[in-house]
Every structure is written in C-alpha cells, then in structure tokens.
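Trainee: Heads up: the sequence lines are chains L and A, in that order. If you read the first sequence in numbering that gives the first Met the number 0, its first letter stands for residue 0, the second for the next number, and so on. If you read the second sequence in numbering that gives the first Met the number 0, its first letter stands for residue 0, the second for the next number, and so on.
Careful: at least some of the hints might be erroneous.
Said to hold, decoys possible - Below, a list of computed lysine to any residue pairs in the SDA-like style, where the Cα atoms sit at most 20 Å apart:
1) K128(A) <-> M165(L)
2) K201(L) <-> K221(L)
3) K241(L) <-> Q5(A)
4) K48(A) <-> K221(L)
5) K221(L) <-> R140(A)
6) K221(L) <-> E131(A)
7) K135(L) <-> E160(L)
8) K150(L) <-> F123(L)
9) K128(A) <-> L214(L)
10) K150(L) <-> M176(L)
11) K201(L) <-> M86(A)
12) K48(A) <-> V225(L)
13) K221(L) <-> V142(A)
14) K221(L) <-> L190(A)
15) K241(L) <-> P188(A)
Worth flagging that the hints you see were computed from the coordinates, not collected in a lab.
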Amino acid sequence: MSKAVGWGAPRDAGWALPRPVEAGRSHEGAALEKAVGRAWRAPALWSLGSSAFSVTGLADPGRAAAAASREMFFRAAWSLVLRRGGLGSRGIHSPGDTAHSKGKMPPYTNYHAQRSYPMPDEPFCTELNAEQRALKEKEKGSWTELSHAEKVALYRLQFHETFAEMNRRSNEWKTVMGCVFFFCGFTALLIWWQRVYVFPKKPITLTAEWKAQQLQRILDMKGNPVQGLASQWDYEKKQWKK
Amino acid sequence: MAYPFQLGFQDATSPIMEELLHFHDHTLMIVFLISSLVLYIISSMLTTKLTHTSTMDAQEVQTIWTILPAIILILIALPSLRILYIMDEINNPSLTVKTMGHQWYWSYEYTDYEDLTFDSYMIPTSDLKPGELRLLEVDNRVVLPMEMTIRMLISSEDVLHSWAVPSLGLKTDAIPGRLNQTTLVASRPGLYYGQCSEICGSNHSFMPIVLELVPLKHFEEWSASML
C-alpha cells in the first residue's frame with residue numbers, strides 16, 4: 000500500500016469492509032492491510048465464511064464451518080487489537096492515536112486540535128465530495144494558481160482548527176477562582192464556628208502578662224544569645240536593638 | 000529554648016551543634032538552588048508559546064542530569080560524614096551520667112563517686128511560677144558542669160523514649176534493654192530544654208528534659224546538697 004493517506008470511502012463501525020482493495024481506503028484499513036500481510040487480501044478475508052469450503056477443501060461441511068468460525072474469531076480479535084492502535088503500523092509514537100483515536104470519533108471528525116501535536120499525519124476530513132476532490136487534484140499542481148479561498152478550503156480540509164482558534168483563551172479561570180474563593184470562605188466559616196463552640200479555654204501562659212514575664216526570664220538567662228532572641232536585646236540600654 | 004517566630008535552629012551550645020548548623024546552611028543552599036531551578040523550568044514550560052512539546056531525543060541533557068545530581072550528592076555526603084565521624088571521636092569524658100526513660104518521666108543517676116539518683120517530672124501548668132515555660136519546666140533539673148566532656152548513657156525502663164536537647168544537637172533513643180551512649184559538651188552556662196522524642200504513650204508530650212549547665216564549683220555544691 001503506497002498510499003499513506005486515504006481519501007476514499009468512509010470507514011464502517013465494524014471491521015467488515017466489503018470493498019475492493021485497490022480503491023482508496025481509510026488509514027485504518029490501510030494499516031490493517033499492512034499488518035495482516037499481503038497474503039490476506041480483503042476479499043479473501045471478509046469472504047472467508049462463504050469461501051471456507053473452497054479454501055479449506057474439506058469434505059465435511061460441519062468441520063469446515065467450525066474452522067471458519069474459529070478463523071473469523073481470530074481475525075476479528077486481531078483487527079480489534081489493530082484498531083486500538085496497539086500493534087498497528089503507526090506504532091505507539093503517534094499521539095494522535097492514543098487519546099483521540101479514530102475508532103472513538105464519529106466520522107468526519109478525526110481529532111481535536113492539540114497544542115502539543117499541532118500537525119497530525121491524517122487529515123481532518125476524510126470524506127470528500129466531488130468538489131473537494133477536484134480541489135485536491137488542483138493542489139497537486141502549482142500552488143500559485145490557487146486562490147485565497149481555495150487555500151483556506153484546503154487548510155480546513157487538512158486541519159481541525161487554526162492556531163489562533165486552537166490557542167484561544169477561555170473564561171474557565173474565572174470559574175476556577177470563584178470556586179476556590181467560595182471554598183476558602185466556607186472553610187473560614189467552619190473555622191470560626193470551631194473557635195467559638197469547640198476550642199477549650201486558652202492556658203494561662205498565653206496571657207500578655209505571663210508572656211512578658213516569660214520573655215524577661217529568657218532574656219535574664221540569655222537564651223539564644225548568638226543570633227537568636229537574646230542577641231536582639233541591648234542589655235545596656237534595656238531595649239531591643241535597632 | 001525556642002522563641003516566637005523562630006525560623007531556624009536554636010543557637011548552638013556545643014561545638015557539634017555549630018558544625019551541624021553550618022552543614023545545614025550548606026545543604027539548604029543546595030536545596031534552594033535545585034528548587035528554584037525546578038520552579039523556573041516548570042514556569043517556563045507552562046508559559047511557552049512553542050507547540051511541539053513532546054521530546055523525542057534528549058541524550059545530552061540526560062547525561063547532565065545524571066552526573067550533576069551524583070556530584071551534588073557527593074558534595075552533601077562529604078561534610079555529613081565528616082561530622083558523623085567527629086561525633087564518634089574518643090574524647091575521655093570527665094563525668095558519666097545515666098538517664099533512664101520511664102512512662103512518663105526521666106530519672107538520672109550520677110554514680111561515679113556517690114550514689115545520686117533522682118526523678119525529673121514535668122511541672123503541671125497549674126503549678127507553674129509566673130514566667131516559667133509551659134510543658135517544659137521540670138521539678139529536678141539535670142545539673143551538669145559546663146565546658147567539660149560528659150558521657151550520657153541512655154536507656155529505658157519500659158517503652159521506647161528518646162532523650163533530646165536540640166541546642167546541644169543531641170537526640171538519642173532510650174531503648175529498653177539497650178545502653179546508648181552520647182557525648183555532651185556545653186560552651187556556655189544556662190538552661191537548655193528538650194522534650195521526649197519517641198512516642199511512648201499518653202503523656203509522651205509531657206516528659207521534658209532540662210539541663211542546667213553551671214561552673215564546676217556550683218556543680219560540686221549542688222551534687223553535695225542532693226545527696
């Protein structure tokens with residue numbers, strides 16, 4: 000599959016894609032093809048159930064049917080793994096896949112613009128009408144012949160949002176700050192109630208008189224005289240040092 | 000003792016504590032440098048206008064941020080080990096005092112010459128004299144001679160306790176069945192307070208330690224009066 004980007008028909012929700020291989024297909028389908036291998040072409044794959052008899056060549060129809068259903072189960076599981084992007088050809092290094100995988104998005108919307116990954120590989124619009132397809136053909140020529148409106152149209156096909164749109168500010172911060180202040184205020188009310196109704200009486204050592212006597216005692220015994228409390232007291236002038 | 004709005008350690012009363020203060024300044028400076036660098040990086044990452052923020056290849060910076068922390072750790076470890084070894088030097092103490100932790104008081108034994116033993120209980124808040132420190136004063140202080148090397152042997156009679164005096168840089172666990180030793184040297188006279196530093200039951204916060212460092216003459220008079 001040389002086409003890295005598919006401009007073909009839209010993907011279906013399921014994994015059965017009963018259409019020929021050579022037409023343009025979606026990126027997912029191309030990945031599936033690559034991963035499963037050239038031998039498992041879509042027609043043979045999807046028509047496995049019907050062609051089980053001829054492929055396996057078993058005389059017993061019941062065993063063939065059982066074998067076919069087992070095969071179908073494994074193929075289904077395999078493609079489900081691929082669809083999740085775990086083992087696909089795009090590997091694990093395409094951020095567009097993890098949070099915004101195409102499997103989760105509805106058709107026509109491939110991703111949301113992210114500042115951290117502004118230019119994904121896959122285009123935004125995969126389904127193109129005839130007019131858009133014609134524009135893509137024109138894009139293959141010289142770009143100087145494109146009008147401004149055409150360039151804008153091409154941009155809109157390729158990307159979800161412009162940089163200006165992607166980086167736009169919002170008013171979310173007002174909501175956040177409002178909630179923060181609200182809960183701070185509520186907490187303040189709780190603390191106030193607690194001080195009035197819950198806390199016991201303060202001990203006698205926290206009265207101003209006791210604290211003054213305590214300070215005098217500490218200064219008398221020269222507690223922390225190097226850089227601490229007593230070092231800030233001028234013992235000659237009997238006052239705090241300036 | 001601690002004083003209001005204190006930011007750092009209490010002033011050092013022993014040479015070891017002075018060393019610890021310097022070491023703490025050194026390590027805190029390194030920590031501030033690292034923290035301000037990290038804050039700067041975070042703020043620049045949050046305010047960048049660049050869009051491709053997923054890094055793919057970072058060999059050079061990964062080398063730097065492996066080697067540089069190793070160097071910083073060595074720069075912290077060397078002074079730390081130096082102080083650790085200084086603390087364990089042979090110093091020929093002149094006096095040995097034993098202290099046993101109980102629930103919930105300390106008992107002290109000065110048994111070098113005579114048999115002097117006493118208990119040291121906290122003074123309850125209701126019995127304090129004006130100006131005394133709540134939860135820190137005791138009825139019998141540990142009187143010791145200043146500027147002399149003293150060996151403290153610390154153990155416990157029941158559960159784990161810890162004998163701590165921050166201004167001397169001392170904290171030693173009191174473990175029942177085990178004898179722990181620490182060395183005490185005070186450069187200045189005065190009262191030095193500490194508190195039990197290992198949870199030991201309901202009154203763990205109420206078994207303080209008060210050292211009264213006095214000149215040798217006063218110590219001799221005191222010990223004679225206590226017998």
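Trainee: Now look at each hint and say whether the structure bears it out.
Mentor: Verification of the hints:
1. Between K128(A) and M165(L), the direct Cα distance comes to roughly 71 Å. Violation of the 20 Å bound is thereby established for this hinted pair.
2. Taken as a hint, the K201(L) and K221(L) pair is broken in the structure, with Cα atoms around 28 Å apart against an allowance of 20 Å.
3. Taken as a hint, the K241(L) and Q5(A) pair is honoured in the structure, with Cα atoms around 18 Å apart against an allowance of 20 Å.
4. Note on K48(A) and K221(L): the hinted pairing is violated, with a Cα-Cα distance of about 57 Å set against a maximum of 20 Å.
5. Restraint check for K221(L) and R140(A): satisfied, since their Cα atoms lie roughly 18 Å apart, inside the 20 Å limit.
6. Proximity of K221(L) to E131(A) is assessed by CA-CA distance (about 15 Å); at most 20 Å being required, the pair is judged to hold.
7. Distance restraint check for K135(L) and E160(L): the Cα-Cα separation of roughly 19 Å lies within the 20 Å cut-off, and the hinted pair is therefore satisfied.
8. Annotation: proposed proximity of K150(L) to F123(L) holds, straight-line Cα distance about 15 Å (limit 20 Å).
9. At most 20 Å may separate the alpha-carbon atoms for a hinted pair to count; K128(A) and L214(L) meet this at roughly 14 Å.
10. With a C-alpha separation of about 41 Å, the suggested pair K150(L) and M176(L) falls outside the 20 Å cut-off, and the hint is violated.
11. Between K201(L) and M86(A), the direct Cα distance comes to roughly 42 Å. Violation of the 20 Å bound is thereby established for this hinted pair.
12. A threshold of 20 Å between alpha carbons decides the hint, and for K48(A) with V225(L) the separation of about 51 Å lies outside it, so the pair is violated.
13. For the suggested pair K221(L) and V142(A), the alpha carbons sit about 17 Å apart, so the restraint of at most 20 Å is met.
14. In summary, the hint linking K221(L) to L190(A) is supported, as the alpha carbons are separated by about 9 Å, within the 20 Å threshold.
15. Of the pairs offered as hints, the one joining K241(L) and P188(A) is violated, with about 27 Å between alpha carbons and a cut-off of 20 Å exceeded.
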